[in-house]
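Here are the chains, one letter per residue:
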Amino acid sequence: EDQVTQSPEALRLQEGESSSLNCSYTVSGLRGLFWYRQDPGKGPEFLFTLYSAGEEKEKERLKATLTKKESFLHITAPKPEDSATYLCAVPQGGSEKLVFGKGTKLTVNP
Amino acid sequence: GAVVSQHPSWVICKSGTSVKIECRSLDFQATTMFWYRQFPKQSLMLMATSNEGSKATYEQGVEKDKFLINHASLTLSTLTVTSAHPEDSSFYICSARTPGMDTQYFGPGTRLTVL
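Residue numbers (our numbering), protein chains in the order written: chain U, 1 to 110; chain B, 1 to 115.
If you are wondering where the hints come from, they were derived from the structure by calculation, not from laboratory data.
Where a beta carbon is used, it is the ideal one built from N, C-alpha and C, also for glycine.
Sample of chain B residues facing chain U (criterion: CB under 7 Å; computed from the structure):
1) S43
2) L44
3) I93
4) D102
5) T103
6) P108
7) G109
Between the sequences and the hints, there should be enough to build the whole structure, so can you do that?
Written out as structure tokens, the structure reads:
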């Protein structure tokens, strides 16, 4: 069964304190791994797609990386506006459905 | 990027009434649309998948007669919650994609409160 596990569930950082979020996945035949950001009361906002081990994508203070078993979302010198829940998802084998992790709630204090 | 809208953004209704939520893809034609439900502090739960012009495919445990989904055009899908009850109160989110897109793009969500 396809599974996505995210850790930690919650993370509190001081502004400027870099850290990483983890997404471990088990899927037969990876067809992409997706990172989304979700703000309270809003729908998920697409951030990155990663397709193969070793691939990296960057956007502002965020960098996503992928290995054969997990993905990391690195946050460099975060700011309070980076506070959100970050979701990781993979396509379920053979379908268009996405399997989501439970997310990591990031809080960045000024 | 691909833009998906939802209307209304929030709705309050009385128990026993029906509520319709619209999901529109604004700058692309969505061959497939998805409807999710999200409870507080939980992740997204897929309710159904709909392809334009076809009947929706519902996930196990989701009542087809209660959550009516229509995907009549390539830019519009609707979710109708029939005979709503307080336990249907939730945050409903749609997403859309079309072949060639990496992934699904999500709408802003609709907060439904049933009194």
